[in-house]
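A.B. asks: Protein chains in written order, with numbering that gives the first Met the number 0: chain A, 0 to 234; chain B, 0 to 234; chain C, 0 to 234; chain D, 0 to 234; chain E, 0 to 234; chain F, 0 to 234.
Treat the hints with care, as some may be off.
The list cannot tell twin chains apart, which means a pair is met if one copy fits it or any two copies do.
Stated by the list, open to error - Here are the computed lysine to aspartate or glutamate pairs in the DMTMM-like style, where the Cα-Cα straight-line distance is at most 25 Å:
id, residue 1, residue 2
1, K224, D193
2, K224, E152
3, K115, D193
4, K123, D158
5, K115, E152
6, K37, D69
7, K18, E220
8, K18, E73
9, K37, E220
10, K123, D137
11, K18, D137
Calculated directly from the structure, the hints in this document are not laboratory data.
6 protein chains.
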Amino acid sequence: MSEVAGRMSIQVGAASLQKASGGFGVLLGGVPGVPPAKVVILGGGVSGTHAAEMAVGLRADVTVVDRSVDRLRELSSMFGSSLRTEYSTTATIERLVRDADLVIGAVLVAGAAAPKLVTRAMVKTMKRGAVLVDISIDQGGCFETSHPTTHAEPTFLVDGVIHYCVANMPGAVPRTSALALTNATLPYVRALADLGWQAAFRRDPGLAAGLNVHAGQITHEVVAKALGLSAHPLR
Amino acid sequence: MSEVAGRMSIQVGAASLQKASGGFGVLLGGVPGVPPAKVVILGGGVSGTHAAEMAVGLRADVTVVDRSVDRLRELSSMFGSSLRTEYSTTATIERLVRDADLVIGAVLVAGAAAPKLVTRAMVKTMKRGAVLVDISIDQGGCFETSHPTTHAEPTFLVDGVIHYCVANMPGAVPRTSALALTNATLPYVRALADLGWQAAFRRDPGLAAGLNVHAGQITHEVVAKALGLSAHPLR
Amino acid sequence: MSEVAGRMSIQVGAASLQKASGGFGVLLGGVPGVPPAKVVILGGGVSGTHAAEMAVGLRADVTVVDRSVDRLRELSSMFGSSLRTEYSTTATIERLVRDADLVIGAVLVAGAAAPKLVTRAMVKTMKRGAVLVDISIDQGGCFETSHPTTHAEPTFLVDGVIHYCVANMPGAVPRTSALALTNATLPYVRALADLGWQAAFRRDPGLAAGLNVHAGQITHEVVAKALGLSAHPLR
Amino acid sequence: MSEVAGRMSIQVGAASLQKASGGFGVLLGGVPGVPPAKVVILGGGVSGTHAAEMAVGLRADVTVVDRSVDRLRELSSMFGSSLRTEYSTTATIERLVRDADLVIGAVLVAGAAAPKLVTRAMVKTMKRGAVLVDISIDQGGCFETSHPTTHAEPTFLVDGVIHYCVANMPGAVPRTSALALTNATLPYVRALADLGWQAAFRRDPGLAAGLNVHAGQITHEVVAKALGLSAHPLR
Amino acid sequence: MSEVAGRMSIQVGAASLQKASGGFGVLLGGVPGVPPAKVVILGGGVSGTHAAEMAVGLRADVTVVDRSVDRLRELSSMFGSSLRTEYSTTATIERLVRDADLVIGAVLVAGAAAPKLVTRAMVKTMKRGAVLVDISIDQGGCFETSHPTTHAEPTFLVDGVIHYCVANMPGAVPRTSALALTNATLPYVRALADLGWQAAFRRDPGLAAGLNVHAGQITHEVVAKALGLSAHPLR
Amino acid sequence: MSEVAGRMSIQVGAASLQKASGGFGVLLGGVPGVPPAKVVILGGGVSGTHAAEMAVGLRADVTVVDRSVDRLRELSSMFGSSLRTEYSTTATIERLVRDADLVIGAVLVAGAAAPKLVTRAMVKTMKRGAVLVDISIDQGGCFETSHPTTHAEPTFLVDGVIHYCVANMPGAVPRTSALALTNATLPYVRALADLGWQAAFRRDPGLAAGLNVHAGQITHEVVAKALGLSAHPLR
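The following block holds chain A by itself, in its conformation from the complex:
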């Protein structure tokens, strides 16, 4: 689902930048002789990488920010001279966000709340009509000004900056999402059906690690911690 959300984020961002949507009125890729829009992607994981692929594909001026130099190296090798990578510090994010036309928040930490990388103060420095898309909204969002929205009313304004924070982005493209989900879960479903859950868990610790609740107790440590409860991992 991270892939679907990552790819969609650029196309909803492009649509939100149109004048009729209240946006700044720029075309993501510009045209020859007219500079492209500046896209900043916070997080170079699965979502961020798929967002980058689409933004580069639309010929935008793209920068990916991540706090792992190793990941930036991989991205640099994948994309060559068609995107820039910068190491994530508060100063870097401040500078990039101020000039951006479109910022994609793609910071996902497994099971935990997303860090608030873009503060309310930073949003104030942005251009009127710029666009923020928060893919991390299901985990609380990575912009301080984010709150969840729906496909019916996907955006709201803070300081003139458009926020797109739909909680279930992949729901907009159900045919693609359903297939992607089936592909990703089919091996697990087969294992559960063939072996029963206990044997399947024993054989595949990755599957076992996906268990959040068992017999009325939270089994997943990160989830428990986020809720202020104690975990009871399955043995």
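Got chain A; can you put chains B, C, D, E and F on it based on the hints?
C.D. replies: Just chains B, C, D, E and F, lined up with the frame of chain A:
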């Protein structure tokens, strides 16, 4: 402006394919393991080429149709194995349109009405929720079922197929469009300002050829013909 | 050797599609204005990936099928919009094989018999003159209709479909294959020569894992299982 | 047809390099760690460019030779660092042919006999098992040692070098060729059918220039000259 | 020679940016996580395009400025998302030069003095240690602060900005330059040798147009105008 | 730092090949119609890969040599047909070095002395004016003829071959290097500051492995071995 319209056509097409817009609910580029949407671009001129660049950039499955083999050769050399080219015949268009998720009408004939390449009968064979974007709408449109719409209400349905036929597409991204227009016209404006219109016309037949009306009479032959009037070219 | 076989599979497939070889008479990459041939590659491992590189290089319309979504993700990132990836299910293979001009069987399971992914019934649905190349033939083949052939008589017909099932494909390009083999084995040869086999095995479990028979007994578990015998691993 | 022949030349060249065909036994693209075969393409026109696209696609080590620096510039810009271009002189051709695994003769001069760029003496310096493919054979061939062959017996040996000189190469892929031919000729057929030949010739000098014989006399100057006759152009 | 100069300009620019040369101390392409240097190329003709190829190849952040939208379109199609194009106005140049690490002046007007696109005032706004390379220096230079230098002492400082203005740049790579020159002139030399100059001039107006002086009089109009003399074209 | 050194090696190599630096006088990428320079990169690790990216970017004719086939496979997949990979043997290095214009020594073995891959005898076979750049010089160098130099006097000649052996290459681009170093070390600095060194070492064995000396004793085994001392690893 053809460049802006061509590039925009893919992003509005992608947005229209989302479920909330009434579309088929597919992501243009699919995701790994899930096939991409099929995009058919009618016309490989400036608009069509820019549409192709964006569609390929979003990882769609793209076919461009044109009736010039020379142009298909150029496109094939530009895009390599990332798009297919097919020679334009009625049979080819019927086959491609039937399976398409998104069809871009990019057939522009200078000053003349666009040919109706996609008939009402062909539209009937399409999938419910598929999308047509008619860039040629300013010249009457190249789908038989097209009629002009506005940015306020950009789409309508015929046989369950979404039609996007906004008459002034570049108006959605005014900052990009205004700059593009300035770049394109600045040399002419300079010539007119420096030399006066008569001298400027004498020096640049291309500029002179842009004159449509002079002293109450139509000077441009194609325009005159389209209106059923006779032309009075400037001498 | 998997690399050599993978790369060769496309060039023998292209040759078999020529009319003089009894094939369908299509050029793998088509030409501008004429659609390319459809190539389906079953398996995205080393062989399949090298086959895909060559097929994309010849401008064919390529789909790779694999049952690991992770592997499809890597392929998608490597090839961008120039190939499609689909998750492996029986329904997917049926649909793709029916329309294919060339199918490459590149499903290798270490030491075990290859699964029969394409059944006799699926072959019946294919076009007369289409081509199957079975790289997995050394492990029994992944088409139900395969049986081993030689470079002297490399192909046979089943239901009008050309089968290329040469058991030792790399033998056709001995200069390339000999060098590739030397490169791959030189480190092991050096270790065996320098240390003697016992010490070399202790230092490198990967080398030790390559032992199939020792002192008259089968030491490799997968091989033993495939033959219905019990394994006696070296300690 | 030049496109079909150009693309096919690489795939028949690759097949001829296989041991079973008597070739040198190398894989065109090598594999990682093993150098690729050296391909030299004489002529950077339509045929040569399509041959280059395929050879680069198969990962060979490709050099294109042409006597137009402008054309080399275009090729360099199209292919970047994946092929080399050299200006055509006898010394250059001697040096390149001596080291080549595969030489493609793609020198076509409209209506005239092809120049003999590779002499018998140069062929003597080549490796046993190297391959020459002469696309220019329909115009006499550009290797001194060429003579036309057929799809039934496509190759012969001179000094241990394999010559592939099939006179009608596109005949091997009739489905692709027939479509390509239809696409290329359809506009002329339509013009002839709609207007009659006299009017069609008047409107399109390019079409008129294709006339070789009329009322028992040769009308095409180059053809007449090649045959030692005098031309009677249509007025 | 424009090609050699264009390609060399980036490598001398990169060397001048090193600390030991007095430069700003940045690596043209940065490294993953560290932004690349900003390169601005004034002029998108032959020199500028070759400079752009090298700068993009070194992973710099490249913008090309030209006053022909058509040329910008071609560059955009060649380079995709790996460079930006901007239409040339004084305001654009001011903005870009102020932020640049390396500016390449590649504005060549056949036979005429190059326009002074970068004024002394603009140089004052640049960073200390930034670098200007003036390929147009043989025609007077396109920076107001330029004056010709030699390979022995190639650079000088104005307002802390390094100027590289070697009058005969290709002289630094004589093997490459001599071959390039031979390739470019060989066809003319052959024509002059075979036909004599009068006949060669009649057959090839392009060659004739290269004549600057004949029988003690200037024959080339642009040259004459630049020197304030009147031209006596050959008839 | 390996990245900075790898990228810089190509730009200093290109500068050293210029005539004024005493070099062979060739442009790394040649120009269309003139062959590019031959660049051989010994070692396909981080430095070597970044060197390869720059050399390919400048359109040189690049071969990377490594003794890991797996690494060559990855490089082949990253670079496609724009570079060649060869397996490292003495015979291969001899052959490649003899013909090379520029050789980059990028063989780094963690903490140990670099192996002398290019012997004095091989240097004797090279062209006068060819260039060697030894990135491994900080670890003793991988050319037998290397000795450390400084940015003030970066090169020396052996048998007419230019040696560039600056011990601290990244020092030439301090702005880029300082940022790269900060990015790479920031996570460790944070850990040390937050946790104290004992706790930080316990949590991150990679950080602990970086300790060379503690309480007057060498703790790093490879360093100790290189100095002929015994190691006292921290427990």
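A.B. asks: All the hints need checking, so say for each whether the structure fits it.
C.D. replies: Tested hints:
1. In this assembly of identical chains, K224 and D193 lie within 25 Å of each other by CA distance solely across copies; the values are 21 Å between and 33 Å within a copy.
2. Taking CA atoms no more than 25 Å apart as the test, K224 paired with E152 passes in neither setting, with 32 Å inside one copy and 48 Å between copies.
3. For the homomeric pair K115 and D193, the shortest alpha-carbon distance between copies (21 Å) is at most 25 Å, but the shortest distance inside one copy (43 Å) is not.
4. In this homomeric assembly, K123 and D158 come within 25 Å of each other (Cα to Cα) only inside a single copy, at 6 Å, whereas the closest approach across copies is 37 Å.
5. With identical chains, the CA atoms of K115 and E152 are at most 25 Å apart within one copy only, with a shortest distance of 23 Å there and 37 Å across copies.
6. In the homo-oligomer, the alpha carbons of K37 and D69 lie at most 25 Å apart both inside one protomer (24 Å) and across protomers (24 Å), since each shortest distance falls under that limit.
7. Proximity of K18 to E220 under the C-alpha cut-off of 25 Å is found in neither arrangement, the shortest distances being 46 Å within a copy and 36 Å between copies.
8. Neither within a single protomer nor between protomers do K18 and E73 lie at most 25 Å apart by alpha-carbon distance, with minima of 36 Å and 29 Å respectively.
9. In this homomeric assembly, K37 and E220 never come within 25 Å of each other (Cα to Cα): the closest approach is 39 Å inside a single copy and 44 Å across copies.
10. Taking CA atoms no more than 25 Å apart as the test, K123 paired with D137 passes inside one copy only; the shortest distance there is 24 Å, against 40 Å between copies.
11. In this assembly of identical chains, the alpha carbons of K18 and D137 lie at most 25 Å apart only when taken from different copies (20 Å versus 28 Å within one copy).
In this structure, the hints that do not hold are numbers 2, 7, 8, 9, in rising order.
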